[in-house]
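Quick mapping for you: the protein sequence lines, in order, are chains A and B.
Using my numbering, you'd call the opening residue of the first sequence number 1 and step up by one each time.
Using my numbering, you'd call the opening residue of the second sequence number 1001 and step up by one each time.
Keep in mind that the hints were calculated from the coordinates and are not lab data.
This structure is a prediction, so every number in the text was calculated from the model and none was measured.
Do not take every clue at face value.
Below, in silico cross-link-like pairs of lysine-lysine (DSSO-like), each with a Cα-Cα straight-line distance of 27 Å or less [said to hold, decoys possible]:
#1 A/K45 to B/K1018
#2 B/K1070 to B/K1057
#3 B/K1057 to A/K45
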Amino acid sequence: RKEVEQDPGPFNVPEGATVAFNCTYSNSASQSFFWYRQDCRKEPKLLMSVYSSGNEDGRFTAQLNRASQYISLLIRDSKLSDSATYLCVAHSSGSARQLTFGSGTQLTVLP
Amino acid sequence: DVKVTQSSRYLVKRTGEKVFLECVQDMDHENMFWYRQDPGLGLRLIYFSYDVKMKEKGDIPEGYSVSREKKERFSLILESASTNQTSMYLCASSSRGDIQYFGAGTRLSVL
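Isolated chain A (complex conformation):
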């Protein structure tokens, strides 16, 4: 079983739609989480950090459920420019390697 699991998608949604991605993690020692965004053939870039129960930044909301060991990312009012792969990442402070990445969820926002 992968340490961080995501539905690979693809998610194809119309512009203006609300879309949600879920991510589960297996290491209960994971303390903080991140969502990275990766455009096609580019490097991953930090989208949001999740240190407690959740975080909101404009159209993006991340929520953390420690009891069920999952993190979600909600995107409201989707834009064409939101098309990308979204990587769920877990951080365990006791681990020297530090971050564990999910394989990513691909989102395409259609006009």
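Fit chain B to the known structure of chain A by using the hints.
Below, chain B alone, put in the same frame as chain A:
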């Protein structure tokens, strides 16, 4: 802004060649990482370093070595390139041990 610079965006090498991938960061980060990214497999950690001259194996170190002689520079070495090392290679750095900043990546093709 954090800047992580990888020496080449695209590289084509022949089987058996020795390959050097260079990565430089300008933020005085202690930690540096090398990943490879392949379709369907996500980001996989090859090696990381938490200090000058220190290195730790990641999940897939076989066929690779690294060098960190200076804090800002972390090199990945393929001693004898093979076709199964054709991939996208990503370098990252971090200071506090959670958020990692990535370089633009090197797309390596081994023929």
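Review point. Which earlier hints can't be squared with this structure?
Key: 1
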